[in-house]
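Chains as they are written, first to last, in our numbering: chain X, 1 to 573; chain U, 1001 to 1126; chain E, 2001 to 2101.
In case anyone wonders, no lab produced these hints; they're calculated from the structure. Glycine residues also receive a C-beta, built at the ideal position from the N, C-alpha and C atoms. None of the hints are false.
Below, in silico cross-link-like pairs of lysine to any residue (SDA-like), each with a Cα-Cα straight-line distance of 25 angstroms or less:
(1) LYS63/X - LYS91/X
(2) LYS196/X - ALA1095/U
(3) LYS447/X - LEU502/X
(4) LYS1097/U - ASN4/X
(5) LYS253/X - ALA1119/U
(6) LYS120/X - HIS310/X
(7) LYS199/X - LEU2046/E
(8) LYS120/X - ALA77/X
(9) LYS1097/U - ASN3/X
(10) LYS199/X - THR2048/E
(11) LYS207/X - ALA2090/E
(12) LYS196/X - TRP2051/E
(13) LYS196/X - LEU2046/E
(14) LYS199/X - PHE2099/E
(15) LYS253/X - GLY1051/U
(16) LYS1097/U - THR14/X
(17) LYS1097/U - TYR2/X
(18) LYS291/X - GLU370/X
(19) LYS199/X - PRO2039/E
(20) LYS207/X - GLU2027/E
(21) LYS199/X - PRO2028/E
(22) LYS199/X - TRP2091/E
(23) LYS207/X - ALA474/X
(24) LYS406/X - THR14/X
(25) LYS63/X - ASP138/X
(26) LYS199/X - ARG2097/E
(27) LYS540/X - TRP2091/E
(28) LYS196/X - PRO2028/E
(29) LYS253/X - GLY1115/U
Derived, one-sided and incomplete: chain X residues facing chain E with beta-carbon distance under 7 angstroms:
(30) PHE202
(31) PHE204
(32) MET220
(33) VAL224
(34) ALA225
(35) PRO227
(36) PHE228
(37) VAL328
(38) PHE360
(39) PHE373
(40) LEU374
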Amino acid sequence: MYNNFRLSMTWVHTWFGLVLGYVLMICFFFGALSVFDREIDRWAIPKTRFEPQPMPSFDNLLKPVFEKLEPHPLDMAATAQRVIGDLPDPKTMPMASLYAYTTHRDPVLAIGAEFSIPNKPKDLSDDHQHVHGWATIDPRTGDVIPDDALKIGSRWFYPMHYSLNWHWKNLGYWVVGLAALVMLAALVTGIIMHRKIFKEFFTFRPKKRVQRSALDLHNMTGVVALPFHFFFALTGLIIFAGIYLPVGHTMLKPLHDQHEVLESERTGLPHEPAGIAAPLASVDAMVAEAKRRWAARDMAGEVGYLFMDHLGDENGYVSIYRAGSDRVALVGEAIHFKASTGEVLREEPPRTLVSEVNEFLTGLHLQHFEHWFLRWLYVVGGLLGCACIATGFIFFVEKRKQQHAKTNSQAIRIVDALAVTAVTGMVIAAVAMLVANRLLPADLPGKGGIEQNVFWSSWVLAFLHAAWRSAPVARAESNPAWREQCWIIATLAVAAVLLNWLSTGDHLIKTLFTDTYLAVAGVDLSLLAAACLSIMAVRKLNQRLPVKQSAPSLTPHKPAIDMAAEAAEVKGG
Amino acid sequence: MRIISCCEYVSFVEICAVFIIANSGRGPGILMTQYFPIFNRVAAALLGGYGFTWGFCALGIAAFAALGVSFHEAETGVMLVAFLLFLGLFLWTFAAKSMVKVWSVLAGGAVLMTGAALAIQHLLVG
Amino acid sequence: MANSWLFLCLAAITCLAGLTWLALAMEPHWNSVHQDRKPERPAQVLRTLGWAGLSLSAVLCFMADRPSMAVLVWLMLLAALAPSIGMILAWRPQLLRVFWP
Chain X
1 MYNNFRLSMT WVHTWFGLVL GYVLMICFFF GALSVFDREI DRWAIPKTRF
51 EPQPMPSFDN LLKPVFEKLE PHPLDMAATA QRVIGDLPDP KTMPMASLYA
101 YTTHRDPVLA IGAEFSIPNK PKDLSDDHQH VHGWATIDPR TGDVIPDDAL
151 KIGSRWFYPM HYSLNWHWKN LGYWVVGLAA LVMLAALVTG IIMHRKIFKE
201 FFTFRPKKRV QRSALDLHNM TGVVALPFHF FFALTGLIIF AGIYLPVGHT
251 MLKPLHDQHE VLESERTGLP HEPAGIAAPL ASVDAMVAEA KRRWAARDMA
301 GEVGYLFMDH LGDENGYVSI YRAGSDRVAL VGEAIHFKAS TGEVLREEPP
351 RTLVSEVNEF LTGLHLQHFE HWFLRWLYVV GGLLGCACIA TGFIFFVEKR
401 KQQHAKTNSQ AIRIVDALAV TAVTGMVIAA VAMLVANRLL PADLPGKGGI
451 EQNVFWSSWV LAFLHAAWRS APVARAESNP AWREQCWIIA TLAVAAVLLN
501 WLSTGDHLIK TLFTDTYLAV AGVDLSLLAA ACLSIMAVRK LNQRLPVKQS
551 APSLTPHKPA IDMAAEAAEV KGG
Chain U
1001 MRIISCCEYV SFVEICAVFI IANSGRGPGI LMTQYFPIFN RVAAALLGGY
1051 GFTWGFCALG IAAFAALGVS FHEAETGVML VAFLLFLGLF LWTFAAKSMV
1101 KVWSVLAGGA VLMTGAALAI QHLLVG
Chain E
2001 MANSWLFLCL AAITCLAGLT WLALAMEPHW NSVHQDRKPE RPAQVLRTLG
2051 WAGLSLSAVL CFMADRPSMA VLVWLMLLAA LAPSIGMILA WRPQLLRVFW
2101 P
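Please take these sequences and the hints and turn them into a complete structure.
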């Protein structure tokens, strides 16, 4: 673009980084929270605060639960729009397939099913002829956890980090995908721009100008966690490759379908039902056989995923997948049984090299393994990503604000206000949601929806506040919103911990010592750590406030820097 | 009911900000002539790069399938390198001297490879 | 299980030591750690020790976990500890004398 290669790369880094940086903040921060999504769920839904459970007995417990499962009203409504004619009564729809899914961190069990419908689709290429039903159950009793109780960790923060919870036309996924590509480009261009990668590996000079120390932190957090940043952006793209590059579902669909049929001939797993009714043999016996076979291959383990297709049909089969708690790859080593007799249809052979690599790459991102130390390191990695992006914003503002002050331009205020919104505002939204969760009564109808509204509206308020307070930026000073929002974070975080105590009786002495429950203790401690860090950030910022009206703007001040680094780290909550 | 307008609002303001900063201190008249090269690069990097990557994936999957590799295996393998290819194309678009060359490689490659993939599929499926 | 925690702790300590020695091998960091009294800097020794520390920490990671997991743990340890050393160098550099009195 410029005649100079390095200048072109700098342009890409600066402008793509600025525009998509706000999205990347969301991805990294909520990604870091997602490492402990199940633990945040326990905090938010107190009646599920019990120990993780293995997959329960199908014959005794799950079978009656599935018999009561019905199509979900949400999917009934969505399907009604896709098909011709009225849908039949949900109670009469036959269940075609079902699944149950758990991990080593889940007390509750996620179950779901597909129900067949006779209706023809409006779009002929749409071959999805099912309505879905799903539920979360207590695997000890089979009781259904009400749908109104939003799993804030795994159903809000987690999808936030890959879809922005913006589902219309999948646009959220596409924005995040673009941001991930830009992250990769920013890393490569950053390496090209940065001349002293090794010489300044450990360099952080907080006593220099803000612009300099922000750049130090930007470089340090970018370089030391480079493999993390690169592989998480890349594997994020690979995980959703089916959405970003749906070649196999669109253009090459004929080829895909042909191979699907060939595949089912090769694996012996029927692609279509036979149309002949057949009973279901004991699934518990199949599970026992699967565990025996895994142990024989020296990888004993629990069931992670149970799947049945063509229910009640002669061609029905049961697939039992091992929970991948002890390795990076996800659930796997499936063993498939004939549903009517319980005989083994197929034991999946060891993976090929390509799928081995793929499983490793997606598994390292999705982290279903049991390794608490690595989990915390991932949180640190995510927060380093936030620190890197936040310092990038600050560098952008610092580099330009003197110039803009001279020309009396207000434009830089918008960037600064958006930076405040993307750093402290995002933490405020997340913590405010937790506070709302503890304030609202557990059985309130539509509770999850109210929590989501609190989340969005507190974020909007944070933006309005940052924009309203941003006038000093145009005079090349710092925005007081940084400090004020730090106070808000500290207050909300402490309030969340106190409210958790008041509403459930689970205070830290109990959850840490007398009746240990680390999931809740961990969330509480992270909230307190967030509060401490934001107070420290405020103190640092106050120390560096220039004495009012002294030596205007020639002596550069030292404001927002640590704030951003620390506020970005604050995200423990 | 989700409040999606939030995201839209933020991205809108974002675009405004970038635009205003890039323009501060300049007149509006030269906007189009001055910014056309940038829009052209960005369009080539995103749309052209995507098209080329699409063609590469389609041709890769079809070719492997023709060689007897299972469809899903081929798809998985191709996707592992697809985004690295996209990244390379993206950066090259900004580094390249001639936009004619960039567009002819990206668009030409996309069309040729997609066509080849469809031809292979036609042969295989019949 | 207990064993793997022991190995991981040792891996973290050796990683921290290794990174510190590598930092001390660089002149500006050596100077900020030793402030006024500036002893001779054994740069080559420190560099060798540093790489040895990092390698040892990698070995310990591999002893704690299966290889695929160990690679991740080691890279993430580096990512988490290097900025910590940067922060110590910026705020309390004297603390690092622990690793090279």
